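Novice: Heads up: the sequence lines are chains V and E, in that order.
For the first sequence, the positions run 261 to 953 when our numbering is used.
For the second sequence, the positions run 261 to 953 when our numbering is used.
Some hints could be false.
What the hints assert, rightly or not - Cβ pair distances, simulated, as ranges:
(1) E/Ala353 - V/Glu678: 57 to 67 angstroms
(2) V/Glu827 - E/Gly751: 49 to 59 angstroms
(3) V/Glu312 - E/Ala353: 56 to 66 angstroms
(4) E/Arg367 - V/Asn865: 49 to 59 angstroms
(5) V/Ala776 - E/Ala353: 56 to 66 angstroms
(6) E/Arg629 - V/Ala776: 26 to 36 angstroms
(7) E/Gln592 - V/Gly751: 43 to 53 angstroms
(8) V/Asp771 - E/Glu688: 16 to 26 angstroms
(9) V/Ser556 - E/Ala831: 36 to 46 angstroms
Don't read these hints as lab results, they were simulated from the structure.
All figures in this text were calculated on a predicted structure; none of them were measured in a lab.
Quick reminder that beta carbons are idealized off the backbone N, C-alpha and C, glycines included.
There are 2 protein chains.
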Amino acid sequence: MRQAFSQLIVALIIVVGSIPVSGDEGMWLYNDPPHQLLKDRYGFEPTQAWLEHVQRSSVRFNSGGSGSFVSADGLIITNHHVGADALQKFSDARHDYLRDGFHARSRAEEKRCLDLELNVLCSIEDVTERVNAAVIPDVNAEQAFAARRAVMAEIEKKSLEKTGLRSDVVTLYEGGQYQLYRYKKYTDVRLVFAPEQQIAFFGGDPDNFEYPRFDLDFCLFRAYENGKPARIENYLRWSPNGVGDGELVFVSGNPGNTSRQLIVAELEYMRDRYFPYVLQRLYNLEVTLLAYSTRSDENARRAKDLLFGVQNSRKAREGMFAGLLDPKLMKQKQTAEQQLRAAIAQDPNVKEALLSFSRIADAQQVVERNAMQYRLLEDAHGFNSTLFGIARTILRAVEEKPKPNGQRLREFRDSNLESLEFQLFSEEPLYEDFEQIKLADSLVWLVEQLGYSNPLVHRVLAGKSPRDRAAELILGTKLKDVAVRKKLYAGTVAGVEAAHDPMIELARLIDPEARAVRRIIETQDEIKRQAHARITQARFAIDKTGLYPDATFTLRLAFGTVKGYGENGRAIPFQTTFAGLYERAAVHHYKPPFDLPQCWIAKKNKIKLSTPLNFVSTADIIGGNSGSPVVNRQGEFVGIIFDGNIQSLVLNFIYTDVQARATSVNSQAIVEALRKVYNAGELADELVGKKHL
Amino acid sequence: MRQAFSQLIVALIIVVGSIPVSGDEGMWLYNDPPHQLLKDRYGFEPTQAWLEHVQRSSVRFNSGGSGSFVSADGLIITNHHVGADALQKFSDARHDYLRDGFHARSRAEEKRCLDLELNVLCSIEDVTERVNAAVIPDVNAEQAFAARRAVMAEIEKKSLEKTGLRSDVVTLYEGGQYQLYRYKKYTDVRLVFAPEQQIAFFGGDPDNFEYPRFDLDFCLFRAYENGKPARIENYLRWSPNGVGDGELVFVSGNPGNTSRQLIVAELEYMRDRYFPYVLQRLYNLEVTLLAYSTRSDENARRAKDLLFGVQNSRKAREGMFAGLLDPKLMKQKQTAEQQLRAAIAQDPNVKEALLSFSRIADAQQVVERNAMQYRLLEDAHGFNSTLFGIARTILRAVEEKPKPNGQRLREFRDSNLESLEFQLFSEEPLYEDFEQIKLADSLVWLVEQLGYSNPLVHRVLAGKSPRDRAAELILGTKLKDVAVRKKLYAGTVAGVEAAHDPMIELARLIDPEARAVRRIIETQDEIKRQAHARITQARFAIDKTGLYPDATFTLRLAFGTVKGYGENGRAIPFQTTFAGLYERAAVHHYKPPFDLPQCWIAKKNKIKLSTPLNFVSTADIIGGNSGSPVVNRQGEFVGIIFDGNIQSLVLNFIYTDVQARATSVNSQAIVEALRKVYNAGELADELVGKKHL
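Pulled out of the complex, with its shape left as it was, chain V reads as follows (with noise of 0.2 angstroms):
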């Protein structure tokens, strides 16, 4: 469940508060904990120092997901699933570090990830006042927007510059508030430990968004600081006793984007429009991808990371749709916008906040018609290639970076260049075949989506067909060479276009569609999110209590119990283990994707097989949450989320625990397989805590 394909969502919807907390609910801020629903509940009251430390052992991995510090000696643990990029990378035809797992026997053979960043969030300071100052009342929606921007990324360098940590502006509820984030960047990250992904991925696809549940789904990579492991003062203790049925359980990570405060206007569009095109894309990019995979193992290895991904969006939003397909949850979300709708009227302080609904279904209005164009052509849709990415990075960047920092496209911050740059520069391995045939899958979709007659189509086509152009431009085009890239990028407009790379110019040719099309957006967005922050404002001043902000992809807190729950009148219990996967393995002929690495059959007479594997909880949990850690009350790592059921995908828009659970993976299961499977007892000691001399 690693955030994937959700840019969009990210940039077509602004959501809203309306609904009432509910029992474990809640994605919390760590500078608004839920103190008193958890003393109330639970009996518990987290101290200052639990949560900085919580905090503090937190790990984001840029890439999509969550992880945490588990050593002093900056050893991190996440799913193999958020691993999984980083370990693509580095693979070729002759190391399949993906499939075959990996194991660094001594720290000289840790190996060194190309392009993972991670990020460790050290503070949170509101900026809200600062950032609307900024915002004259009375200009229009676009000028709001680029005032907005403007004084966004003045805060964030002026923080850069500061205290030298990265600093990102984070808008919480929906515009409601802006929080500076400061986070500490690791960038020398290596891999120490991957088990096989037929473990770490047991059951597949079918298995996927399932329980019970049989996965090994964690990996160990190692932060370095100058070329030595990082010295870590937070990080999680290990706790050998993992969790007992009806535990108080915290998870601590970064749930990508939720979209329960959307107005009904808005869940409208996500279900007439949204869902059906992004699963279409999805059903056309798997089956494009599987073919490509049957092909050879070769292809298989090189598509494996990205079918993955595919996959797991497409089984996740087929949740989600089928939540919005049901008139029930529809009908929740209406009564609850009704109630809302209700006490705004009644409150003659807040009560002008009602425009604010008819506001947004309008820019709803215009986002919709303008939808298709910019995912085909900012979201690039149109244009799936790792080389188009760089193409049109390298185009804007010279056009941007001479501009004033808070005029540019907001990825050309001051404060966002090193980040964005060590991602351009990555020595990832692109393949040409590969990349030839996403593109021509991706540019017939863009013919089938405006049409063949479309001018720009005819002109992106440039008179070949769909096949033709692709195979041109990835075989011309020498952004291939990372060389190259460094070049153009540290040089001006003129150099670039002197340069006549086709995929460039590809960009080139887009660009002023594609630019169009996002300041529109922009607009829009600009217009909801003022819409927004008046009917947040409204709910703070009507009842504060349990509010909390959508998603972001920044760090959250969640609580929950561990407790199974009934399906179809089966009592299906809190946790899996080892002697379950066997017989789920054996039950299905170890066929696949039941099969079991050739060490786990191995190894099953020396495993204890009673060994808890995964479990679940009601945490309140989305996509980007995979590796959060999932700790107790006294702070101690208990195991490592990696999915959800089926029952929790509705947890986009609304949240429930009568069936919907969080997944993880228990912490004695990951020292049992280090030690018993894979010889790997240096690493459990660290893990525990266990000194070396």
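Mind docking chain E on chain V? Use the hints.
Specialist: Chain E only, in chain V's frame:
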């Protein structure tokens, strides 16, 4: 390349003659064979006896494919993938004949198919004048269509009464000709032998439509009459020698449909609307079926034949769509149309046919506006369950049967009822879980295409989610019981109403809209038919040489040369051998879909590895030709068509022999496998005509 998912093309696409014959082009009518061409090009002059013998040896599989008689005792050979429908239907959880194959060691063990109807073409009679005479000039298109439908039904009925033979009036040249085809029908058809699917479809989806190829894609049925093997006068003698490089061969089979004579306006419609639509439907369905299949072996078995059909259609349509997206192909079609128009303009006798082009284009626009409604409701893309099809047939049957023969929906004409009932009362197994998955998926598709707020969608869903509604319908309908079907079908409108079967009620709910849109499309088809008829007449008047009608899933004769081709600078040889099969499996480490059945590994050293396995020729074929016999000048069986290469997919629009090739199994490979791998010497003997005493 079985004909599948093609009713839509058949229903919506009407075609026109415009490009002269080239190379080995042509799907020739048996009553208008290319005598001059064969004589000029190959010095071959088939006698009437030769033609009649091959015609009467050819068999149409009404499940969608071709075959031929190959023994005096009614033995019929076709492709494994044509027989797959029958194999799937009498398999169950314990017997997977589709996967594992079948071998009747004696006549008594031959397994009767549940609903397989075979047709052998006995005679052709031109009825163009009678059909056209019934359509009074100056009536509107709707009246013209009704009159034409009525006269065709009457001709068919009288023919059936007189001859006892299945009688179909076939529309050729899109209305240029009407011919009465009379068929001998076989409905007691028994499976004799099938190899494992893995050897019949070695290489799976990646190798489908590719070459070189290594597939033993055949199976054997036997026609029975009065409980005994049918005595067959016309059957093909088996060639012991297969084919040689450069040899002239003939293909006698039932190409499903082609679109070669479409005017450019119609091709643009296919490119801009039809292919984008149908490919998205197929991608979605493929992913749904794959997700269902990976859950268990039994799921995979239940979905296998449909999944093959969907993947096969998807790959074929991707290839066709790629053709239309290739500006070179479109340019050729535009040039040819301009030349035809110019020729028509110069001939005062046919000049008025020029008007037909704009009439077709105008009708096409009406079709385009109604096509989505037609696909979803009348083609039932929104109601993808076998049980829905059964429900609708019963609903309409009790309404249509009391009407005069000529006024009924065409499928309910008297002459067709026997075949219709044969299908309707099939005991094919239906699985509630599988029907639910398919129906729920298609209801979501309906929502996506028509929109959630569409009033018809609203009534169809009846306040439930698509998944809940599908469950309610599938679990609630009584039509799983064939006795219930028979009782309702034999009854009255009131009787069907009183049954309150939920699936029939669903069919009733959408029937007014479905019938209405069908009427619109049929009326536009009539307009196009009349216009195309005039263009055809003009073409006949200008130069009749080399004209043959587009494919109509009726018997045609094609011819071609056995020869290889060049690709990416490589010379692809005309044939492959068993040795190549083993090599390809080894290269892929015997991993699916490149694995081999156990018996093929065990018997490797018994097989003559140099035996030719597959070969290619320039014969002009398309989907529906699967299973067609390939015969030599002597009329001997030398092989069986089972596929075309990727480059042949554009044959839907235009013939080419630069790289496009038809792919066949060599007759020698079949006998070698029967003797050496399957211990089926008695069948090999029957094929080669060796008498057993």
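Novice: All hints, please: hold or fail.
Specialist: Here is how each hint holds up against the structure:
1. With their beta carbons about 60 angstroms apart, alanine 353 of chain E and glutamate 678 of chain V fall inside the hinted range of 57 to 67 angstroms.
2. As the Cβ distance of glutamate 827 of chain V to glycine 751 of chain E is approximately 42 angstroms, the hint placing it in 49 to 59 angstroms is violated.
3. Judged by the Cβ atoms, the range 56 to 66 angstroms given for glutamate 312 of chain V and alanine 353 of chain E holds: they are separated by roughly 59 angstroms.
4. In this structure the supplied range 49 to 59 angstroms holds for arginine 367 of chain E paired with asparagine 865 of chain V, their Cβ-Cβ distance being about 54 angstroms.
5. Between alanine 776 of chain V and alanine 353 of chain E, the C-beta spacing of about 58 angstroms keeps the proposed range 56 to 66 angstroms intact.
6. Between arginine 629 of chain E and alanine 776 of chain V the Cβ separation comes to about 31 angstroms, which falls inside the hinted range of 26 to 36 angstroms.
7. About 45 angstroms separates the C-beta atoms of glutamine 592 of chain E and glycine 751 of chain V, a value consistent with the hinted range of 43 to 53 angstroms.
8. A hinted range of 16 to 26 angstroms is violated for the C-beta pair aspartate 771 of chain V and glutamate 688 of chain E, which are about 56 angstroms apart.
9. Hint check: serine 556 of chain V to alanine 831 of chain E, Cβ distance near 23 angstroms, so the stated range 36 to 46 angstroms is violated.
Comparing the model with each numbered hint stated earlier shows that hints 2, 8 and 9 do not hold.
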